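The residues making up each chain are set out below.
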Amino acid sequence: MDYLKPPIDKPALYAYIVVLMKKPASLGEFEQIVLLAILRLRDCAYGVSIRAEIAERTDREVAPGALYTTLDRMEEKYLVRSWMGEATSERGGRPKRYYAVTKAGRAALVNAHKAYQSLLEGLDFIGGAHASSIIC
Amino acid sequence: MRAASFAEKLLRAVLGKQRAAAAIGDLVEIGCSKGIAWFWLSVSGCLIRTLWRPFLGVVVVMYSTSWALRIFIRAGASIYTSHLPGSAWMPYMTALCGLGALMCGAGFYAAICYGFSDRFTQFAAIFSGLNAAVVFAWWVPGVLPVVAVLFLVSLAFYFSRPDGRSALLIAVSASTATMFTYFSLALALGSYQNPLMHGKPMGDAELRQHPVLMWLGFLMWVVAAVVNAATCSYMHNRTKQRSARVHMLR
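From first to last, the protein sequence lines stand for chains L and Y.
Using the numbering used here, the first residue of the first sequence is number 1, and each one after it goes up by one.
Using the numbering used here, the first residue of the second sequence is number 1001, and each one after it goes up by one.
Any given hint could be a false lead.
Derived pair list, reagent style SDA-like, types lysine to any residue, alpha-carbon separation capped at 20 Å [unchecked claim]:
1) Y/Lys1240 <-> L/Arg73
2) L/Lys77 <-> Y/Gly1016
3) Y/Lys1017 <-> L/Glu76
4) L/Lys77 <-> Y/Leu1015
5) Y/Lys1009 <-> Y/Leu1051
6) Y/Lys1240 <-> Y/Leu1015
7) L/Lys103 <-> L/Phe30
8) Y/Lys1034 <-> L/Ser89
The following label-pair restraints were derived from C-beta to C-beta distances [unchecked claim]:
9) Y/Arg1053 <-> L/Arg60: 21 to 29 Å
10) L/Gly93 <-> Y/Pro1162: 36 to 44 Å
11) Y/Lys1034 <-> L/Glu29: 22 to 30 Å
12) Y/Val1222 <-> L/Glu121: 49 to 57 Å
13) L/Val110 <-> Y/Ser1117: 16 to 24 Å
14) L/Arg40 <-> Y/Trp1215: 51 to 59 Å
15) L/Arg57 <-> Y/Val1172: 45 to 53 Å
16) L/Thr88 <-> Y/Trp1215: 49 to 57 Å
17) L/Val110 <-> Y/Arg1053: 28 to 36 Å
18) L/Arg40 <-> Y/Lys1240: 23 to 31 Å
If you want a taste of the chain Y side facing chain L, the calculated C-beta under 7 Å gives, among others [unchecked claim]:
19) Ala1004
20) Asp1026
21) Ser1042
22) Gly1045
23) Cys1046
It is worth saying that the hints were derived from the structure and are not from the lab.
Computed from a predicted structure; not experimentally measured.
C-beta atoms are modelled at their ideal positions from N, C-alpha and C, and glycine is treated no differently.
Take these sequences, add in the hints, and give me the full structure.
Here it is in structure tokens:
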């Protein structure tokens, strides 16, 4: 299972970059969904499984192009890291590219979650008394 | 399988070897149940999503550089015609207008491809803004010293930061490469045009007589814009990789 481990020099690089970052990056909605899918999949997050996880949890069919562009952009921002895995016959002998969320990615997710929490505070719209007025 | 190999070759040109192999592997894995039409639609989607920014960027570089150069030269001409002798002013003002137009084009390209938070986009915007202030408002008292101070302060700021130094390196490389390309092509076009026109100045009638000169001039502009965009892109990627390596070594 060596292919599941990222290259040895990368954690140090990302840890250093996290220290350099002053505040967590702001995330778009799709970026949050992709990061959460990668976190849920733990060690087996690659293109197909991420896409399947998003489809299963959100009923949303993601175009592969959109997913790869988002993953590349997040890798450039050091929110995720990737490494090449094993090649299988069902993929025509091509390797998988695995993804993992970095500390910076986790920090950005926590930041986004805090912002949502703050905005939701006091609304109680899921099944609460406020619900009917918001739906109307 | 042959379709997958061909698609991999296409994607390799834009994504790189490893990414293309992984992406096509994913598409083959999903595509077993979805069919060949879905596979090619997905490959096209990957290509379009990766390439639309650079393509749009090159078009915008061409248009914005020619637009900026035209208005800069027009405004700059007033400086050396009203401050005689014009021959003393002209080379400096033309160089300033040319550099300002180049940075304007490169700035638009960087804004499209890397966003406004990128250091190089910000530097190009600052340089173009200061350049425009000199060209359009040089006669207003205090403009020249304020622009000089602001330029030196921004230079010092950019020199003091690693990402700032990278932005300066991109700016210098893009300007040098584009100027070199443009003047080399202009020299080549001139050596073709002069025997054709016997050294006479060209007007609309001459261009109608020799439309190939107009097309060659347009081609020269396209090549210069592509070189400007490509140098920005290449240097941006190189400096980014380098800064990542430097961080790792510290």
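(request) Could you check if Y/Gly1045 really has its C-beta closer than 7 Å to a C-beta on chain L? (result) 3 Å, holds
(message) A range of 16 to 24 Å was offered for this pair. Does it hold for the Cβ distance of L/Val110 and Y/Ser1117?
(response) Since L/Val110 and Y/Ser1117 have Cβ atoms about 21 Å apart, the given range 16 to 24 Å holds.
(message) Against the 20 Å threshold, does the CA-CA distance of Y/Lys1240 and Y/Leu1015 hold or violate the hint?
(response) Cα-Cα ~17 Å, so holds.
(request) Given the hint of 21 to 29 Å, check if Y/Arg1053 and L/Arg60 actually sit that far apart at their C-beta atoms. (result) 24 Å, holds
(message) Holds or violated: Y/Lys1017 and L/Glu76, Cα atoms, limit 20 Å.
(response) The given pair, whose Cα atoms are some 17 Å apart, holds under the 20 Å limit.
(request) For the pair we were handed, L/Lys77 and Y/Leu1015, check the Cα-Cα distance against 20 Å. (result) 17 Å, holds
(request) Quickly compare the C-alpha distance for L/Lys77 and Y/Gly1016 to 20 Å and report which way the hint goes. (result) 18 Å, holds
(request) Take the C-alpha atoms of L/Lys103 and L/Phe30, compute the straight-line distance between them, and say whether it is at most 20 Å. (result) 19 Å, holds
(message) Between the beta carbons of L/Arg40 and Y/Lys1240, is the distance compatible with 23 to 31 Å?
(response) Holds - the Cβ-Cβ distance for L/Arg40 and Y/Lys1240, about 30 Å, lies within 23 to 31 Å.
(request) Evaluate the given range 45 to 53 Å for the C-beta pair formed by L/Arg57 and Y/Val1172. (result) 48 Å, holds
(message) Given the hint of 28 to 36 Å, is the C-beta distance from L/Val110 to Y/Arg1053 inside that range or not?
(response) Given about 30 Å between the Cβ atoms, the range holds.
(message) Less than 7 Å between beta-carbons is the criterion; does Y/Ala1004 satisfy it with respect to chain L?
(response) 6 Å, holds
No hint from the list above goes unmet by this structure.
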